[in-house]
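Take the given structure of chain A and dock chain B to it, following the hints.
Chains A and B, in that order, give the protein sequences.
Residue 1 is where the first sequence starts when you use the UniProt record's numbering, and the numbers rise one by one after that.
Residue 1 is where the second sequence starts when you use the UniProt record's numbering, and the numbers rise one by one after that.
Read the hints as simulated data drawn from the structure, not as lab findings.
We put the beta carbon where it would ideally sit given N, CA and C, even for glycine.
Possibly wrong hints are sitting among the right ones.
[Claimed, not checked] Heads up, simulated BS3-like pairs for lysine-lysine below, C-alpha to C-alpha not over 30 Å straight-line:
| # | chain 1 | residue 1 | chain 2 | residue 2 |
| --- | --- | --- | --- | --- |
| 1 | B | K268 | A | K177 |
| 2 | A | K270 | B | K268 |
| 3 | A | K271 | B | K203 |
| 4 | A | K270 | B | K203 |
[To be verified] Chain A regions said to be covered by chain B (calculated; three or more residues, Cβ under 8 Å):
| # | segment |
| --- | --- |
| 5 | 88-95 |
| 6 | 195-203 |
| 7 | 213-226 |
[As the list claims (entries may be wrong)] Here are some of the chain A residues that sit facing chain B, going by a computed Cβ distance under 10 Å:
| # | residue |
| --- | --- |
| 8 | Y248 |
| 9 | P266 |
| 10 | P268 |
| 11 | K270 |
| 12 | D280 |
| 13 | L311 |
| 14 | V314 |
In case you want the letters, here they are:
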Amino acid sequence: MTQESTEYLLQVHELKKYYPVRGGLLQRRVGDVKAVDNISLDLKRGETFGLVGESGCGKSTAGRTITRLFKPTAGSITFEGKDITKLRGSELRSLRQDIQMVFQDPYASLNPRQMVGSVVSEPLVNYGYGSEAKLKDEVMQLLERVGLPADAYYKYPHEFSGGQRQRIGIARALALKPKLIVADEPVSALDVSVQSQVLNLLKELQEEFNLTLLFIAHDLSVVKHMSDRIGVMYLGNLVEVADAEDIYRDPKHPYTQALISAIPQPDPRKKSDRIILSGDVPSPQNPPTGCPFHPRCPKAMPECSADKPQLKEVNRDHRVSCLLYE
Amino acid sequence: MNQQEPLLEVDGLHTGFTIDGDMHYAVNNVSFSVKPKEVVCIVGESGCGKSVMSLSIMDLLPKHNGKIDKGAIRFQGRDLTMLSDKEMNHIRGRDISMIFQEPMTALNPVLTIGFQMDEVLMNHTDLKADEIRRRSVSLLDQVGISRSDQIVNEYPHQLSGGMRQRVMIAMAIACQPKLLIADEPTTALDVTVQAQILELIQKIQDEVGMAMLLITHDLGVVAEMADRVVVMYAGQVVEDTDVDTLFHDPKHPYTKALLRSIPRMDEKQEELDTIKGIVPSLKNMPQQGCRFVDRCPEAMDKCREIDPQLGEEAQNHAVRCLLYDASFPNEQKQRGVGS
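Just chain B, with the same shape it has in the complex:
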């Protein structure tokens, strides 16, 4: 498993937006990889760049001001950033597909469910018209939609949020993709419906044998779904490890604080741990040093001067923090002298 070639390799990705004539990086030097059949979760709070990263992979950035500035996105060895629009269209929806947070805005309200599903199959397969419709209906069956033969003739507004997300999943797996990118797929759903959808995604992932990049802010969903977790903060990867290590031996002060700040069902807590302050906005990003320094309970003076690098803390466990930087002398690692 460890020796396997990665299916997706994001390498030094810089994605920026032009604001008032200046380039600001929402994704700043992000690297990680996804192996075949692996579920990788990208977790972070709003504004940490996780959605921009997924849009970069799909080449769906807003054309007028967003662009990939540096870095490579290798999918099965091919650099997606070098492909023409036509080549990318061929990959998008067939080899890599995506489901979005808000299934209502992702579906076209004036076209029937069947029409929108047929379109995917029409573009990416050689099936004949009548076969296409039959395949659409069977896909709806596969995602657990009853009366699928009638649903194909209905419009998105006639379905509930959970049903729409099922339709999105059916469309996404129509061509048996090798990679599914799911950007907050259950955030808009109620918790009992979320449980249905997560179970469905797990089942489908298993059946299709695809890898998945799951983007979420919900650490509960991460614990449920992930094999591997990439924690992002302010456009950078701060920690990257397997799911068990992340929850039971987190290293980065941000990851630790994030885990402590969620209310636990199984414990009675008087007070929740908090992270002071807020995520810096794109325009107010610190130019030097660690981006978490102002909120970090373990900050040191050096943290303001040195840009920490994402280094291997242990095998399969990378952390971006001076505390775990071997090149930084141990005696200087006095905690809490910053701020």
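Excised from the complex, chain A in its bound form:
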């Protein structure tokens, strides 16, 4: 156990997050939206784990439940060998020093009335590292490190472009020298030329600060570029987990195969054999029985609608939840 806890920074075991659906005259609980329905994953120290999936697959909810911004419905989260699933109050507060988030929308995640210097120093002030004035040099260094001009300290968020705002968000997340950063779609609001700047920065910082990164995004090519390992989510479930290269070269799950084939490649000479899925992602309030993907799966078998497959290792470090491999 001790050895395991040193190798893994974060272990998530059978995590569930349900939202109640209320209805009727008395607003009784009539059902659940199963946003995250049983995911298990381990993050090694210093690695980047990519979580990829389409909208509504539960990847953001998973990220926010892991950081304990949301309370899990069931399952356990272990951070540095310590169970953090049920932490409350001051213990939860001190955990936040080690786990920080970078959000998708750089316009909404910064207070428009707060000077950038104060945005970035706030976490430090909150955790008693001194007053804003005392921390100024440190914050300025941090701003410089993420590639912002020194006078950024005295400016307001609206004076910056989207890419620069995302840098501010990254500086804020870095301020407390966290061990884990959960980045939820950090580049999806940015143009490609700016996106590549921010991705490079995140990679550099990860190495420099020895960060562990949970990188959540819908764009598989971005996730593959950033990650050591990738987990593919569909309708609240992890359907495949493997090394980033393996996912691309040898995808096992029919959903992963379809997802990869659906990405338009920036080369007109490469016309891929596209697997076109029919229909849309079902509602997580009323998920299909058995395998959540079976109604859209081109390889579905009769038993897929009855049995829900579990994530099982098919190759070394390559886990898939699909009856085809059982």
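Just chain B, lined up with the frame of chain A:
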């Protein structure tokens, strides 16, 4: 094919907005053409003027501050900028139709799908009421909507994003237009749904035999769909060529940098190439010289002084860059001395 008369010809288009009393051009001297049945992609990052250009063609600019200042938009030889509102209404939706990025905001939430579809046919055809509804249902079938006879009685919020975009496409092709303008038609959709919609658009384009102007920021979509590509930067066309040349022999430093900055699925890259800085905003546009100069890895001193012109670099390949300007002496083309 090459000798064919263009269906749409945009010629020296200047579209501007009045900001604080000054005119700023979001589209600055843009020229290109679309031949019948051709798919032309306009590609560029946000703020490069690609959407304003498509709104200019459709005459849908915000009336209070946006206007076409100079230039012509010739559709089958007629200059659209000279038409009255009534004449334009006749063309819009019948000869040229448009699909937008966000199908939820483009559909009216309080009217049924059927009502909104019937409206297009009512305005532009002589069909009788009962024929109209039948035609609406068959259009929905054509775009791959199952239970189309029930969907016509439903409201937009009851449909998913992909279904709504299918409805938009059905409305757009209702009158068999000669030109379809699609402004980021799949940007709001998930990638598996995007694949469905792109396949549908290709199929429909083939069936109807229409030309298409596809506006997108996604170079993957461009490679998939385009015959010809127009790259825009800061309100100008910087490169215009066929799709294969664009991806395999790009000339303009912006196009080259843009292609290098996308993460590739099929390669393992440690670091991505970047383009330093950001697109200049409308109010901070450089008044002289090349608009890309501050971000260009190959910038020269002259680039700040001379406005580069869009010139033919080779047959069917136009580039706006001094490096490829024949009138500019070769010995002065030393790269990287600017900045």
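For each hint, the structure was consulted:
no.	hint	in the structure
1	B:K268 to A:K177	holds, 29 Å
2	A:K270 to B:K268	holds, 18 Å
3	A:K271 to B:K203	holds, 16 Å
4	A:K270 to B:K203	holds, 19 Å
5	88-95	violated (count 0)
6	195-203	holds (count 6)
7	213-226	holds (count 7)
8	Y248	holds, 6 Å
9	P266	holds, 4 Å
10	P268	holds, 4 Å
11	K270	holds, 8 Å
12	D280	holds, 4 Å
13	L311	violated, 21 Å
14	V314	violated, 22 Å
Checked against the numbered hints given earlier, the structure breaks hints 5, 13 and 14 and satisfies all the rest.
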